[in-house]
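If you read the sequences in order, they're chains U and R.
So the first sequence is numbered by our numbering: it starts at 73 and just counts up by one.
So the second sequence is numbered by our numbering: it starts at 327 and just counts up by one.
Be careful, since some hints might not be right.
[What the hints assert, rightly or not] Computed footprint of chain R on chain U; a stretch qualifies when at least three of its residues, placed anywhere within it, have a C-beta under 8 Å from a C-beta of chain R:
id: 1; region: 125–135
id: 2; region: 184–195
id: 3; region: 207–218
id: 4; region: 223–233
id: 5; region: 238–251
id: 6; region: 265–277
No wet-lab data here; the hints were simulated from the structure.
Every residue gets a Cβ at the ideal spot worked out from N, C-alpha and C, and that includes glycine.
In case you want the letters, here they are:
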Amino acid sequence: MAVPSVATDTPAAAEAPPALGTSGAREERVAGRRREWPLALLFLLPSAVVFAVFVFYPLYRTVQLSMYRSGPFGRLGEFVGVSNLNDVLSSEDFRHSLWVTLQFSAITVPLGLVLGLALAVLAHERVRGIAAYRTLFASTVATSVAVASIMWLLLLNPSVGLVNAFLDWAGQDRIDFLNEPGWALWVVSFTTVWLHLGFTFIVISAGLQSVPDELLESARMDGAGAWRRFRHVTLPLLSPTLLFVFVVLSINAFQSFGQIDLLTEGGPNDRTRVLVYAIFQEVRRGDPSTAAAQAVALFGILFLLTIIQLRVLERRVFYG
Amino acid sequence: MAEATASRGARRAGRYLLLTVAAVIMFLPVYTAVAGSVQPTSRLFDFPGVLIPRSIDLSTYSDAFRVGHLGRYLVNSAVVTTIIVVAQVVTSILAGYAFAFLRFPFKRLIFLVFLATLMVPAEVTIVANYETIQDLGWIDSYLGLTVPFMATAFGTFLLRQTFLQVPQDLRDAAAMDGYGHWGFMTGVAVPLARPAIAALTVFSFLLSWNQYLWPLLVTNSEDYRTVQIGLKALASSNIDQINMVLAGTVVAGLPIFVLLVLFQRQLVRGLTSGAVKG
Numbered sequence: 073m074a075v076p077s078v079a080t081d082t083p084a085a086a087e088a089p090p091a092l093g094t095s096g097a098r099e100e101r102v103a104g105r106r107r108e109w110p111l112a113l114l115f116l117l118p119s120a121v122v123f124a125v126f127v128f129y130p131l132y133r134t135v136q137l138s139m140y141r142s143g144p145f146g147r148l149g150e151f152v153g154v155s156n157l158n159d160v161l162s163s164e165d166f167r168h169s170l171w172v173t174l175q176f177s178a179i180t181v182p183l184g185l186v187l188g189l190a191l192a193v194l195a196h197e198r199v200r201g202i203a204a205y206r207t208l209f210a211s212t213v214a215t216s217v218a219v220a221s222i223m224w225l226l227l228l229n230p231s232v233g234l235v236n237a238f239l240d241w242a243g244q245d246r247i248d249f250l251n252e253p254g255w256a257l258w259v260v261s262f263t264t265v266w267l268h269l270g271f272t273f274i275v276i277s278a279g280l281q282s283v284p285d286e287l288l289e290s291a292r293m294d295g296a297g298a299w300r301r302f303r304h305v306t307l308p309l310l311s312p313t314l315l316f317v318f319v320v321l322s323i324n325a326f327q328s329f330g331q332i333d334l335l336t337e338g339g340p341n342d343r344t345r346v347l348v349y350a351i352f353q354e355v356r357r358g359d360p361s362t363a364a365a366q367a368v369a370l371f372g373i374l375f376l377l378t379i380i381q382l383r384v385l386e387r388r389v390f391y392g
Numbered sequence: 327m328a329e330a331t332a333s334r335g336a337r338r339a340g341r342y343l344l345l346t347v348a349a350v351i352m353f354l355p356v357y358t359a360v361a362g363s364v365q366p367t368s369r370l371f372d373f374p375g376v377l378i379p380r381s382i383d384l385s386t387y388s389d390a391f392r393v394g395h396l397g398r399y400l401v402n403s404a405v406v407t408t409i410i411v412v413a414q415v416v417t418s419i420l421a422g423y424a425f426a427f428l429r430f431p432f433k434r435l436i437f438l439v440f441l442a443t444l445m446v447p448a449e450v451t452i453v454a455n456y457e458t459i460q461d462l463g464w465i466d467s468y469l470g471l472t473v474p475f476m477a478t479a480f481g482t483f484l485l486r487q488t489f490l491q492v493p494q495d496l497r498d499a500a501a502m503d504g505y506g507h508w509g510f511m512t513g514v515a516v517p518l519a520r521p522a523i524a525a526l527t528v529f530s531f532l533l534s535w536n537q538y539l540w541p542l543l544v545t546n547s548e549d550y551r552t553v554q555i556g557l558k559a560l561a562s563s564n565i566d567q568i569n570m571v572l573a574g575t576v577v578a579g580l581p582i583f584v585l586l587v588l589f590q591r592q593l594v595r596g597l598t599s600g601a602v603k604g
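The shape of chain U in the complex, shown without the other chains (with noise of 0.2 Å):
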């Protein structure tokens, strides 16, 4: 096989371990090493095509689009640079999403990681049918944002939901919870606690599990009542898995889309419009270059969380 000799430079040789034994061996290295560059390129090229056109490329290609107007037939229309980033960033519009996205982030991370966090204590005794408990508090892990939105849905109409069936038998006024401004927002933000509840008890039961008993132990023995513990042993061991939780609750929180398109559709006059729901409705309305510009800022937001992420996950790696 004709392979360029040119393949082989420097940055593979600075990765190899420096070379033992006679040259002969050397040699057969080297040779390998050019046999085996033809099939890292078929091994890799099917995902890196995948990468490039439907990550890298719409990367690039939103960045591109945010700086141009959007012109007929979604077509480029006239360069703007910055400024239609500046104009859409600084638009009423935006603020108001970012506002509401912030509100929801507010209400549903630390909802998330309390009761998360109270499950996974509940369940962390080992008694009887403590099994069955588990099994059924890490269930939503495997409900989808749209079977969970719309049993919730139904849960909450007006006229047919269950919770107004309950308030209605005890004697309450009934409440029209989606057109509600003052409720809408509560409960796509319970919803999304919900949905999310199952993992974050999953992650943060397998890091309870990693405190060590003879810690709590000795801590009993030295007459530390059960809150003091947890106060002072438990939660210092267990601080790592709940920052990484609160990170993952955020992202997600930012991204989250889909209970908000089948709950509310950002209503009550716009009042449940998280910023991923906007740029669904410029996209839909046909002005790629605002909702481009959205995209720009939420993936600078997702960017400093992600980096944060990494840095926890990098953090427990050593000290964890």
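We have chain U already, so just place chain R on it with the hints.
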């Protein structure tokens, strides 16, 4: 002494009470969906009677299939999920093997570029990807629903880490016996990596089956709708037949629930492999 035993008994009862209350609240939406789906609409207004079905009527399920075209949507979901899972497993094995066993230039750099895709969430790229799928004429097609998801950096990373644990001696021995890379991969490396491949399979099945935003964006016709999107249509046009909508919801959620029960260990492994060390 008797006092201590009594207080321990009380504590245990309290723990069970809390566990049960939490489990009931957590499972209530699912329970009410199942209970509501087997009762006539008229019964649904009878609170709290609706919580304990007096009879079980499964005609709502056949209605959901007939009115909501659930059969078609389930087939679409099954086709799309199968294609994505198989493609992801194959591309991850190939790329993971290359990064673990093959020597080639710029390996570190290319590996970092692969990992960098994890930093780009799908929500950011939908604008441009929608454009691409439109240009390719892939709106309303299995291609549009699957091709963008045929590779995964998570899977590549998971399998590379697993392959790296295969002892070098095995590779050397296989080379002595005249095995090439293909023979070593299919005969030795992949069988050894079976637990990781299982975790990847379950994990990617879960993600693909539950996808929402992308299938909503790239399907307009009923012929290619997945069950998640079909559920939205079923709910929005049949709100007066809430029991039928609930039946549809149960059907859409069932495959993943079965998966959870059967493969809980693999799923937990997949979910926590990034989160918890060891």
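- Item | Assertion that chain R covers the region 125–135 of chain U - criterion: three or more residues, beta-carbon distance below 8 Å | Since 9 is at least three, the answer is holds.
- Checking C-beta pairs, does the region 238–251 of chain U have three or more residues closer than 8 Å to chain R? holds (count 3)
- Counting residues of the region 207–218 of chain U that have a beta-carbon nearer than 8 Å to any beta-carbon of chain R, does the count reach 3? Coverage by chain R holds for the region 207–218 of chain U (12 residues, Cβ < 8 Å).
- At a Cβ distance under 8 Å, does chain R reach at least three residues of the region 223–233 of chain U? Holds: 7 residues of the region 223–233 of chain U have a Cβ under 8 Å from chain R.
- Within 8 Å of chain R's CB atoms, at least three CB atoms from the region 265–277 of chain U: coverage verdict: holds (count 5)
- Task: Examine the region 184–195 of chain U for residues whose CB is less than 8 Å from any CB of chain R, and state whether their number is three or more.
- Result: holds (count 4)
Checked against the numbered hints given earlier, the structure satisfies every one of them.
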